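Trainee: Here are the chains, one letter per residue:
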Amino acid sequence: MSSATASLYLRGIAAAPGLARGPLFRLDEVRLDEVRLDEVRREAALPPGARLPPAGASDRERLELAIDAACAELTALMQRPGDANAKALLAFQVAMLRDPVLTGPAFAAIADGVALECAWLQALALQIRDYDSADDAYFRARAADLRDMRDRVLRASSGTALLPIPPGSIVTGTDLPPSRFLEMTWDGGGIALTEGSTSSHVAMLARAWGVPMLVGLDQAILQGHGEALLDADNGLLITEPDARTAAEFTLRQRRTRKAGSAAANELAPPFTTADGERVQVLINVADQTELEHLDPACCDGIGLVRTELLLRGRQDLLDEAKQNDAYCRILRWAAGRSVTVRLLDAGGDKPIGGYTVDAEANPFLGLRGVRLSLVHREVLATQLRALARAAAVQPLQIMVPMVTLPEEMQQVRQMLDAAIHSLHKDGLECVRPPLGMMVEVPAAALTCDLFEADFFSIGSNDLIQYLTACSRDSRPLGSLRDPLQPAVLRVIRGIVDSARARAIPVSLCGDMAGDPHCISALLAAGLRSLSVTPAALPAVKAAIARYRHAAGDAGRPP
Amino acid sequence: MSQDDLLPRVTGSTVMTHERGFHARPSIMLTQLASRFSSRVWIGLAEHGPWTDAKSIARVMALKAPHQTTVFFAAEGPDSAAAVRALVDLVQSDFTNAKDPDP
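Residue numbers (our numbering), protein chains in the order written: chain P, 1 to 558; chain S, 1 to 103.
No lab work stands behind these hints: they were computed from the structure.
Be aware that a few hints might be false.
What the hints assert, rightly or not - In silico contact screen, one side only, chain P against chain S (beta carbon under 7 angstroms); selected entries:
(1) A88
(2) A91
(3) A95
(4) M96
(5) V101
(6) A134
Quantities reported herein were computed from a predicted structural model and do not represent experimental measurements.
Glycine included, C-beta positions come from ideal geometry on N, C-alpha and C.
Working from the sequences, and respecting the hints, build out all of it.
Mentor: Right, dumping it as structure tokens:
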């Protein structure tokens, strides 16, 4: 088993970055995993409050006790240190298990003579199927929570328990139930799943807890419990590595850890390359509440303020004072650092009732972003007025999303002129902010020299989706969507060159900027301004620090 | 059901602005609040129903209500007016009485 030929290289999709080395722990080995506890040990293992079913208990009583035991276990897990997400997830499972609507059908079936296990599985199957078929990814992901609680109750009813996963393991299997993740002690170790999704609860927890995780792993029959290397930064799981691969991996791990702790010690700007060149690193923000726990000194400013969530509801869209207030609060937080606000980018996957168009056959190719703004001119005018007023307090810049043709930028520019004019007439203080273009539609990306814009900001998520004809959330398309493929890098380079030729600033604000794996390619393409999700700052800082001009140039797109 | 006719039936509605709609945390808060009242309490996504038991998290989650929906409440019983008022307030406050983020 330890010969080099037994080594497997499996590809997956990174759900949480990082490196981990440890023995495989296979969740699919249910039989080995599950232990029948004798009565004495069971008593000891039972959480406080849980009772053993009396001898000769009916199925109804056994189910009641199993549900109680499951709730007690989940409540005990809630007492462990963890983030609010973890607590909410557990509270949700407890609330569902306590709801007679969920459990009632099982009790009814038992009353009709159906055996406990069968009754419970059938009752939950209906609910799980309902969530599995939901349109919304959030509700679809709840099916995993229901399976998780279903299995916990079954274990409690049959007097079995799962063996604890040894800390430091690389956990593999089809999917990992969220409560099982929370039961583990995460000290090293990682997760590699054949199914799962990057938007699952477990993926969210893994990112928050810094546990490297891959999903959509190439199907393979993993055997044994040998050593494995999990390289979530490169979407790779290596089983039974040879000595040299393992040694190199450990070296990388050590280096990353050092870079990570160095980054944590000195998170703040300046962000500089190995050559000493300065890179501007901004953050993406969707909600003022995100800023509450964030020190503005951690970044060079805000490269993207998403206003879809800031303006909650139709009434906000026409409420100039409320909007002005929201923008001012963000500006105050930034304390003079650069702030770029994106005009309402509704439509696509961000519907707003009464504003976006319902039932478009293909919303991502429909009325969204500026296309929609130019239909609802009163909404656009309100937002432009609110922004120009906020700009009088502190400088900001406005970014226009989903621009396809130069005429659209022209029309927004005229609307901004009109907004300034009307504010002057109303005697309100205002400043005309720079007006830039978000470059994400290939038609605009390939002709950006034809657009009148004060700056460019590359929206890599949509740009990649439209360039590669790959929807953003389709898992099987993973590799076709590779952000480092020549087409994407060429187009990005073209936009950067065009901005340079006109001496206007250019930045990139998609997921690519926060992916340490993409940083060297972006810097090699000439970008010196990136906007990332705040959580990515340490990794981005470390990746920038590793970049050397010559090394990056070798990876230039053809 | 003649006794029910004597009990006040109160309805109210509001637009839900919660960022993601009736997800786990808002659903827990809503059903817990509804359960504090002795009246029967319902939630609906249209003015005349269909109505869903607002005390059941399984039923409320099953609505899969996205954000920006108008939600309607109805209650029948001795504290029906207070129940509807409290639920409308909760939704209007954007579920802010707890600070935990949504899972």
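Trainee: Please go over all the hints and tell whether each is borne out by the structure.
Mentor: Hint-by-hint comparison with the structure:
1. A88: Holds, about 4 angstroms.
2. A91: holds (6 angstroms)
3. A95: holds (5 angstroms)
4. M96: This hint holds: P:M96 lies near chain S, its Cβ roughly 6 angstroms from the closest one there, short of 7 angstroms.
5. V101: holds (4 angstroms)
6. A134: holds (6 angstroms)
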